[in-house]
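Novice: Assemble the whole structure, with the sequences as input and the hints as a guide.
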Amino acid sequence: MKKTLVLCALLFVVVCAKAQEVPTNGPSGTKTAANSEARMQTLERQVSMLAEQVALLRGQLKVLADAKGSGEGPGARLVLTSASVDASAPATAESSSLSVASAAALPAAAPAAPVPQAQALQSTQIQTFGGASGNARLLNPDISLIGDFIGAVGHNDVSQLPSMQLHESELGVQAIIDPYARADVFISFGEQGVNVEEGYVTFTSLPAGLLLKVGKMRAAFGKINTIHNHALPFIDRPLATNNLVGGEDGIDDAGFSLSRILPAPKGWFVEATGQVFRGDSSDVFTANQRQDVSVVGHLRGYKDLSESTNLDLGVSYARGHNDMGSAFITTLYGVDATLRWKPLRRAIYKSFIFRTELFYSLRDQISLLDLSQSVHAFGTYSSAEYRVNRRWTVGGRFDRSAHARNANLIDSGLSAIVTYWPSEFSQIRGQYKYGHLATAPNSSFDNANELLFQFLFVMGAHGAHPF
Amino acid sequence: MLRVRLIERMRFYVTDYVTNYVTKTSAVAMAIVLVCALAGSPTGRAENKLKIITATTDLASLAQEVGGDKVDVESIAKGYQDPHFVEAKPSFLLKLRKADLLIVVGLELEIGWLPPLITQSSNPKIQVSAPGYLDASRFARILEIPTGQVTRAEGDVHPQGNPHYWLDPENGLRIAKGIADKLSEMLPNDTAYFAQRYSDFEQRLKQADERWKAEMKPYAGRKIVTYHRSWPNFAEHFQLNVVGYVEPRPGIPPTPQHTVELIGQMKRDNVKVIVVEPYFDLKTPNSVARETGGLVVVLLPSVGGEKEVTDYFKLFDYDIAKLKQAFDTTH
Chain A
8 MKKTLVLCAL LFVVVCAKAQ EVPTNGPSGT KTAANSEARM QTLERQVSML
58 AEQVALLRGQ LKVLADAKGS GEGPGARLVL TSASVDASAP ATAESSSLSV
108 ASAAALPAAA PAAPVPQAQA LQSTQIQTFG GASGNARLLN PDISLIGDFI
158 GAVGHNDVSQ LPSMQLHESE LGVQAIIDPY ARADVFISFG EQGVNVEEGY
208 VTFTSLPAGL LLKVGKMRAA FGKINTIHNH ALPFIDRPLA TNNLVGGEDG
258 IDDAGFSLSR ILPAPKGWFV EATGQVFRGD SSDVFTANQR QDVSVVGHLR
308 GYKDLSESTN LDLGVSYARG HNDMGSAFIT TLYGVDATLR WKPLRRAIYK
358 SFIFRTELFY SLRDQISLLD LSQSVHAFGT YSSAEYRVNR RWTVGGRFDR
408 SAHARNANLI DSGLSAIVTY WPSEFSQIRG QYKYGHLATA PNSSFDNANE
458 LLFQFLFVMG AHGAHPF
Chain B
146 MLRVRLIERM RFYVTDYVTN YVTKTSAVAM AIVLVCALAG SPTGRAENKL
196 KIITATTDLA SLAQEVGGDK VDVESIAKGY QDPHFVEAKP SFLLKLRKAD
246 LLIVVGLELE IGWLPPLITQ SSNPKIQVSA PGYLDASRFA RILEIPTGQV
296 TRAEGDVHPQ GNPHYWLDPE NGLRIAKGIA DKLSEMLPND TAYFAQRYSD
346 FEQRLKQADE RWKAEMKPYA GRKIVTYHRS WPNFAEHFQL NVVGYVEPRP
396 GIPPTPQHTV ELIGQMKRDN VKVIVVEPYF DLKTPNSVAR ETGGLVVVLL
446 PSVGGEKEVT DYFKLFDYDI AKLKQAFDTT H
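Protein chains in written order, with the working numbering: chain A, 8 to 474; chain B, 146 to 476.
Mixed in with the good hints, there may be bad ones.
Claimed, not checked - Stretch by stretch, here's where chain A covers chain B in the computed footprint (C-beta under 8 Å, at least three residues): (1) 238 to 249; (2) 290 to 304.
As the list claims (entries may be wrong) - In silico lysine-lysine, DSSO-like type, Cα no more than 30 Å apart, as pairs: (3) A:LYS223 <-> B:LYS417; (4) A:LYS310 <-> B:LYS194; (5) B:LYS417 <-> B:LYS358; (6) A:LYS357 <-> B:LYS467; (7) B:LYS243 <-> A:LYS230.
Keep in mind that the hints were calculated from the coordinates and are not lab data. Quick caveat: nothing in here was measured; it's all calculated off a predicted structure. No residue lacks a Cβ here, since even glycine has one placed at the ideal position from N, Cα and C.
Specialist: Below is the structure:
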C-alpha cells in the first residue's frame, strides 16, 4: 500500500514537472506554443506584469520610505524608471523578476541597449503573478452568432411557412480543447425552442490517420444533410430531404463518427466514414429501445480536374429503425455528385457549382392490406449556382421526390434564387418556388407558388467558408 | 387471433434479429477501424527530407531558402490567388496529412479555410500549437494592429494586425530566421547546415535590399493608392505613402460613392499610381485611372503571382521594376 502511494506521488511529481516544462523550455521562443494570438498574449502578459511590478515596487518603496522617513519624490521617479525598463528586463530576469535584488538592478539595466521589440517578445518568458482574469479571457472559445430571418408570401397549402420569422439564431462555440482534440458546438434558437444542432469533440491526434468525432452531429449522409441551414445554397432544403431524409434537421443524432483518408490512385482523394448513432433522427429513425442504433456509412471521392475545376462524388448508406417499432427498418441509399468551377485569379468574382443527389428509401411499415410492407421511394434534386460578380449569385433547383410512407405520392418542384452579399458577413436572398405537392390525407395535389426571402447575418468569430 | 399470433412470432424474430444486429454493427465498426489502421501507414517515407507545407508561396520560398535540399516545400495557395479566399479542397488534405511542418501566415489571414483543413488532416504533427505548426507572424513586425474598439463596421478587419507583413524584406529575414531555428530544432544534426544557409540568405537579401532601396530612393514619399490594404509593410520599407484604397473598407467591394471620393482625393493630392493585386477586378481601378489621368499597376503580393517570379528576391525585383516604371511614366 505504502509502495503504491509512494509510486503515485512520484508519478504525480513527474507529471507536474513535465507539465511545467512546457511553458518554460522555450527561451528562444520557437519551442513554445505558437498560435496566432501568441504575440497578443505576450503583450497582454507584459502589460499586466508591468502593472503588478509597479504596484509591488510602490509597496516596497512605501515600506522603505516609511522606514527611512524620506519624501515621496524619489519614489515616484523610481517607479517610472522601472516601468520603462521593463521591455528589456524580461530577457535577463527569467523567472524571479520580482525579487528585491532584480528590482534594485532595474535602474542599472536602464541604459542597456534596447532589445528589438519583436525579438524581445519572442524571448519573453516571464513568470506572472495574478492577473489571470485578463489572460483567461484569451482562452475563451471562438463565439459566433448567425441570424436567419425568413419571410414567405404566396400560396402553399402543404407546408406553410409563417409570413415572417426569425427562423433560427445559431450560436457557434468552437475551441481547441487540448493538444489532442477540438470541440464545436452549435446551438440553434428557433421558433420552437432551443436545440443543440451539433455538439461534438474531434480527436485530431489519433494514430493511423484516424479522425474520431463524438457527440451529436449531422450525419455524413450525402451533401445537403451535412450543411447547416444558414450555409444552404437555397433558403429551403430540397423536397427529397423533406420527404426522405428527415426534413430540416435531417439525420442529426448523437453517436460516434470515425473517418480516414484511404490510399487511392494519383490525384484522387478518397475518404471513408463510418458512424453509429443512437437511432433518433426526426421522422426517419426512431430508437424504440436501446438496441435500436442506426448506422451511416459514407465514401467520398474527390479529384481536381484542373486548378479551377473539381469533381466531388459520394455514396452513402444509412440504416435504422423507424417509428413503427423495432422490427421496422428504414434503409437509405444516397449518391451525390458536385462539380465546382472557380478560377483562382477571380475567385471572389466568378464561380459555378452544379450538384445533384439521389436518394432511395426502403421503409418497412404496417399497411392496411398486408401485415408488413416495404415502401420503395425515390427522390432527387439537381441545383446550380453561378456567381455573377462579387455581390450577386443566381441559382436554380429542380426537385422530385416520392413520399417515404407512400411512394405513389410524388412531389415535384422548381426554384430560382438570387443572392446579394453586402459583405462577407451578411446576405439577402429572394427565392421563387413552385411546387406540385401531394396533400397527404386525400392524395390530391396542390400547386404551390411562393416567394421566400431571407436575411442572414453573421457576428463574432470568422467561421470557415463553406466548400 | 391469427394476427396476434403472427405479431408474437414477429416479435420473437425481432429480438433475435436486434441482438444479432447490434453485434453485427459493432463488428462492422471494428472492421472499419482495423481496415483503416492497416491500410497504408502514412509514416513509411522512403526519403529523409522534411516535408514542409506552407499556407502561401512566400513562406514556401523563405523555407526553401533556409531549408535547402534537406526539405521538400509546397504551398497550398497559389501566388496569384487571394490568400483570404483559398478553398478548403480535400486534395490539400493529401498533402497536409503527410506534412512534418506547417507554416502559416497567421493573424487570421487563413481563417476561412485553414482550420478545417488542419483538423481534417488528422495529422497530429501539424495541429495548432503542435511542434510541427509554425506561425510566421510571431517573428515579424506587424503593422496596423487595431487599438480600441474593433468592429466589422470597418470591414473585414484583422484584430491582430495586418497579415500582409511579408512584403518587407526585413520581415522576410526575421521569418527566415524563425524557420531556420525551427528546422534546426526538428533536425538537430543539420543545425550547422541551416545556420549556414540562413547566413548566406541574410547576406544576399541584405545586398538585394540595399539595391532595392537605392532604386526606390528617388521616389521616396510618393503617394499611391492601393486596392486592398496589402502594402503597409512594403510602403513603410520603401518610404511610399499610401493615401487611399479602392476598397471603401477591407473586404468590401468598391462602391460608386467611395470611388467618386477617391477620384476627388487623388486629384487633390495629385496621386497618379493605383496599385492592384492580381486577384482583383480592374474595372474600377481603370475607371479611376481614366478620371485622374493616373496609371493602374498590377503588383504582386506573393511569389508565383507571375510565372517568372519564382522566389522571394524576384518578387521585389518585379514589384520595384513595375513601380519605377509606373512612377516614371506618370511624372
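Novice: Looking back at the numbered hints, which does the structure fail to meet, lowest number first?
Specialist: 3
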